[in-house]
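Chemist: The chain contents come next:
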Amino acid sequence: MSRIARQLSFIFASALFVGALVATAQAKDKVKVGFIGPLTGGVSANGLGGRNSADLAVKLRNADAKAKYEYELVVLDDECKPNVAVQVATKMAADKEIVAAATHYCSATAIATVDVYHKFGFPIIVWGAVLPDITYRAKYAEVHRVNGTMINQNDANAELISKIGFKNVAVIHDTTDYGKGHNEYFSKAFAKLGGKIVGTFGVTADQQDFTAELTQIKALNPEVIYFGGLTPIGVRIRSQMDKLGIKAVFDGTSGIVSDAFIQGLGPLAEGSLAFREGAPTEKLPGGKFFMENYAAQKYDNPPEAYGAFSFAAMDLILDSIEKVGPDRKKVIEELANVKERDSIVGKVTFDDHGQNTVAVITKYVVQDGKFVEWDDSEYATGKRKLPGQK
Amino acid sequence: MDVGLFAQYVMNGLMLGMMYTLVAVGFTLFFGVLDIIKFSHGDVLTVGAFTALATYIGLRSAGVGSTPLLLLAMLVVAILAMAALGMLIARYLVMPLRSAPALNTLLITLMLGTVLRELVRLFYPQGANPKPFPALLPTASINLGQFNLRLDNALMLAAGGLAIVGLQLLLNRTKLGLAIRAVAQDEETARTMGVNFTAVVLITFAIGSALAAYAGIMNGLYYNEINFGMGLYLGVIGFAAAIIGGLGSIYGAILGGFLFAALQTIGTVALPFASAYKDVFAFTVVIALIAWRPTGLIQEKISERV
Chain A
1 MSRIARQLSF
11 IFASALFVGA
21 LVATAQAKDK
31 VKVGFIGPLT
41 GGVSANGLGG
51 RNSADLAVKL
61 RNADAKAKYE
71 YELVVLDDEC
81 KPNVAVQVAT
91 KMAADKEIVA
101 AATHYCSATA
111 IATVDVYHKF
121 GFPIIVWGAV
131 LPDITYRAKY
141 AEVHRVNGTM
151 INQNDANAEL
161 ISKIGFKNVA
171 VIHDTTDYGK
181 GHNEYFSKAF
191 AKLGGKIVGT
201 FGVTADQQDF
211 TAELTQIKAL
221 NPEVIYFGGL
231 TPIGVRIRSQ
241 MDKLGIKAVF
251 DGTSGIVSDA
261 FIQGLGPLAE
271 GSLAFREGAP
281 TEKLPGGKFF
291 MENYAAQKYD
301 NPPEAYGAFS
311 FAAMDLILDS
321 IEKVGPDRKK
331 VIEELANVKE
341 RDSIVGKVTF
351 DDHGQNTVAV
361 ITKYVVQDGK
371 FVEWDDSEYA
381 TGKRKLPGQK
Chain B
1 MDVGLFAQYV
11 MNGLMLGMMY
21 TLVAVGFTLF
31 FGVLDIIKFS
41 HGDVLTVGAF
51 TALATYIGLR
61 SAGVGSTPLL
71 LLAMLVVAIL
81 AMAALGMLIA
91 RYLVMPLRSA
101 PALNTLLITL
111 MLGTVLRELV
121 RLFYPQGANP
131 KPFPALLPTA
141 SINLGQFNLR
151 LDNALMLAAG
161 GLAIVGLQLL
171 LNRTKLGLAI
181 RAVAQDEETA
191 RTMGVNFTAV
201 VLITFAIGSA
211 LAAYAGIMNG
221 LYYNEINFGM
231 GLYLGVIGFA
241 AAIIGGLGSI
251 YGAILGGFLF
261 AALQTIGTVA
271 LPFASAYKDV
281 FAFTVVIALI
291 AWRPTGLIQE
301 KISERV
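Chains as they are written, first to last, in our numbering: chain A, 1 to 390; chain B, 1 to 306.
Be careful, since some hints might not be right.
Claimed, not checked - Going by beta-carbon spacing under 8 angstroms, a handful of chain A positions derived as facing chain B:
1) Gly-42
2) Ala-141
3) Pro-232
4) Leu-265
Hint data in this document are derived by calculation from the structure and do not stem from the laboratory.
Just so you know, even glycine gets a beta-carbon here, dropped at the ideal spot from N, CA and C.
Build out the structure end to end from the sequences listed, making use of the hints.
Modeler: The following block contains the structure:
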């Protein structure tokens, strides 16, 4: 073939290809859906995992020939900061083209934005934040949540450590709504079971040095240090406990259930406790399906603990739009009727506050560099022992 | 209070103060020679710490197992790299803005800090997560009641002290130090006396940034964890420490650094309210001090600024 002919055929082929792309794009109406999470900052690992998972839900739907619409995901970053979250939430809710969104990993941002969503009549499903007030403070038809609340996980937490036989606990919590909530529900649950909180320490969410607080805790000599907060300072507190020679058990919340916690600590993570709503991703009804598809997309970051919830939230939104069309009001009505709906995180039922009533809590302990379910662990069988465990 | 417990608080405070001081000294140096505030200083510290960590990982995978050698390589690479970064910042961002209002330099370095921070987050593998930093110093410890004295902490404290003494000697006993002080005192006169102004400024930025790398490694060794946001907070505190001590004075920076650490420790331990307010307490005292002595505790002498 001559050079010109080759070039011509190349141009012609490209034109055909572009034409084909345009043709498929025109075949379906475009509908925009949103995602908000912390994409920068200390907890961005979880935000990126959630973003990828929501993106996966949209991609799978777009690949489905039966879908009525072509979906486009609009992603905004709340930086885990309430003030930024209100801005991006307003930006998204004010954009009439965006029909609904999966929003927020951080409780502090979710609670700050529910009023915005309500004002704009913008249906959202929270995919990771666990503060009860997000769904229960007001009764907003717009606000839903696929994951459970921190009340359930703290009940399970207090129950486990008193069952092991620990009586004295020192509490460290960050001073956001998230950390304060954990402190409140845990302290309540633990006191009910006859335990004693020997000291409570509030710390800022970006604090680096905890030696002063920990030295005080060392003098109080608790068996367990309960930590209500997120991974970055959890890593710091656990490693500084070691520096000061504190032997207590590190008892965390859903906020530290992430690969980053184990990577950040190495062998020191061993024996840390944590609790999370729902079953572990690999044990979820759709866990295998989710993990396989996630891996196939070759994202840079793992889905982290709440990826599956983000996927489920986005999938629920897409289902609703498929059923009633891209109309905010109709989507809100449709979401109110979600009962016993199958999803990859199990059956979803929204109560009258839009809260999914999953009560399953998974108890974790770190064993050999992995979050292992407590009941399957060697700590439960007595083969290994937590510091101070009888 | 128990004596051992008290000793533990003092030790914690000293370590914290040493890190603040190393950062504050940088602020003071930059202000001394150019009368500018360089807000990216804390983030240079972060980049330094990550450079050291990358060096460590690189050498480990190349099969180097000797701890002293690893530590030495980390120090050398991080310090040289940050010195170079400091010079680049001075040459291409700070010096071209010399005739512009000082506010512009402050803004441009503030933005540079954000850029450095986000670059670490985006381009360091899994940079958004906290990274474990190897413990390379001997971790033997003596337990005296409630007091847990660790050898690595004592070594770091000594190393920090040496760095500051070394800097002091460099400024006061060498020809280079004389040139830096001359520029700090009066740029025009220094130039007419044959001091190479540009070279002196670049070297000063190199020294300040090298100290930031040093502090970054120390931070990593102390906490065994580094993260891309660590420099921001340290930068704010280092800056505040330099201001209360008296911007432009090395002794002021030292005083300010340790004072701030002491305030934070007192805020956590001795005050009746929750420890969550320790920064509120520390910064409130700083505000009061600045209101009382606007030029800092150690007043800047007209004749000398470094």
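Chemist: Each hint should be assessed against the structure and marked as holding or not.
Modeler: Structure-based check of each hint:
1. Gly-42: Where the cut-off is 8 angstroms and the nearest Cβ of chain B is about 6 angstroms from Gly-42/A, the hint holds.
2. Ala-141: 35 angstroms, violated
3. Pro-232: 5 angstroms, holds
4. Leu-265: 7 angstroms, holds
Consistency with the previously given hints fails for number 2 only.
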